[in-house]
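Trainee: Below, each chain spelled out in residue letters.
Number of protein chains: 2
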Amino acid sequence: MPALFKNALVMGLGVIGGSLAAGLKKHGIAERVTGYALANDVDAALRACALDSAFSTESDLPGAIANADLVVLALPVHLCISLLPTLEIYLQDNAVLTDVCSVKKAISDAVTLQLVRTAAQFVPAHPIAGSHLSGFEGASTDLFEGATVILAPCPNDVAFGRVRRMWEALGAQVEVMSNELHDEHYAIVSHLPHVVAFALTNTVQTLTEKDLGDTCGLLTPPVGKGFLDTTRIAASSGELWAGICVANQQALLISLDEFIVQISDLRRSLGQNDATGLRASFERASEFRQRVNLKQE
Amino acid sequence: MPALFKNALVMGLGVIGGSLAAGLKKHGIAERVTGYALANDVDAALRACALDSAFSTESDLPGAIANADLVVLALPVHLCISLLPTLEIYLQDNAVLTDVCSVKKAISDAVTLQLVRTAAQFVPAHPIAGSHLSGFEGASTDLFEGATVILAPCPNDVAFGRVRRMWEALGAQVEVMSNELHDEHYAIVSHLPHVVAFALTNTVQTLTEKDLGDTCGLLTPPVGKGFLDTTRIAASSGELWAGICVANQQALLISLDEFIVQISDLRRSLGQNDATGLRASFERASEFRQRVNLKQE
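Chains as they are written, first to last, in our numbering: chain L, 10 to 306; chain B, 10 to 306.
Read the hints as simulated data drawn from the structure, not as lab findings. Check the hints yourself; a few may be wrong.
Derived PhoX-like pairs (lysine-lysine); straight-line CA-CA distance at most 20 Å [claimed, not checked]:
#1 B:Lys35 to L:Lys234
#2 L:Lys234 to B:Lys304
#3 B:Lys15 to B:Lys35
#4 B:Lys234 to L:Lys304
#5 L:Lys15 to L:Lys35
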């Protein structure tokens, strides 16, 4: 297959951006891949020979954008939005602009508002993949193998088709979904679990320090796999996730409010020693979660 | 090594009881191992040739107890407590009585209250191991390899020493801890995460059905690994966990109340679009959780 793009510019070389940039290079999806990121991610990517070139100086951005026929926004969502004015000035007329943000309405609305000349070149995308690791050290060229990538419908069929083929060439399956439905769905099944995991981790730290005098926070005596699994994603980047939560505020507030109702109900049942009520609620959850397991297998 | 016990009786052949019974047999820790459990767990254990014999008829219990020099209580905690009067009548004078319950004060207090003749023969134990599976199908003879088992101090040195050696022969490391400290610690790092996972799962089911019309509860479009990990333990037995929560009510209420404070704080920050506040809280959690990862490695 000939390369889909001549010069790809990936902004952000974290887990997703780094994996995408390295995958574009490895599979020959772009002839030349350039990365723009923080100095330590640039160093890590170049050491791994994953890209053709990479830089971290902001003043080099205009030239790199002007030279690219594919630009991927893979920074935290608020930073992606802050780069739109620069893109509007320097993006080529026929270049494809896409992103990998976990929220889709905030960035799509910002594109519509801030990009006049180049808005139609933007294809909103969200690969359902990741890691609790941060930065290029968590990147891997096979991260998207078998993953689903959500694309939002886009008026520019050519740009949409090229982004779809890019993800398929990386081994992913593409699903098309409106920005609004995407943000509602992932508020529930991704953003809420992250907020819950952060709150649970802070609770465990607070209580083990306060009640058990575990001021080193090292959780002696040992913890079981249940704690480790429920809080694994709380090791994720706080900056990234604060940005995602604020960018999906409305949908996430609905999810959080329902969760607070549910946990408060359980707290009330426990306070009343209502084993029957607790059991019924736990069994409803267990039955649903086992069905999800069956579906995933 | 000669067998530590002649006739072991394990009551309950779920993940923990089944693994223990099969391990006692496999490693020759007991000469003869008998199981008492629900019919389907008895069938599964006998099919796997994991035990010498097993039964599910309650009227056979007195004879089996009278014949055992080791009795292990491995049923949900409220069922273990309900068997104490029978044990008081039939347990041999020199037999060892132990358990595997996830709460220690409730069962130890019940033993002190209900057993007059045999209380000193009881060694409270809690292996930090398990599975989201239920029943003998989740059992495995190497479940305790490398695991920690918490034992509470016990006035009978001989009984304590035999239980310690039993767990060490199964590959576990023994830590000694008071019942009170055990229950406080595991309320925080185990019981709370379970309640949170149940509430999160019910929230996801409620919202995907109500807001997204996903009445099959099959979570289309796809969910990421974050959701699967945070809710994995919500597939656990509702009966077992309702019993554990009620048996550790006091400590768990303290944990739940702190968690509700933490999640409500995050909800308030999000409502106020306070990205800085969210980020500070998320970063505190992330830093702590990464330290836990380093300790586990």
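Trainee: Against this structure, judge whether each hint is valid.
Mentor: Here is what the structure says about each hint:
| no. | hint | verdict |
| --- | --- | --- |
| 1 | B:Lys35 to L:Lys234 | violated (25 Å) |
| 2 | L:Lys234 to B:Lys304 | holds (14 Å) |
| 3 | B:Lys15 to B:Lys35 | holds (14 Å) |
| 4 | B:Lys234 to L:Lys304 | holds (14 Å) |
| 5 | L:Lys15 to L:Lys35 | holds (14 Å) |
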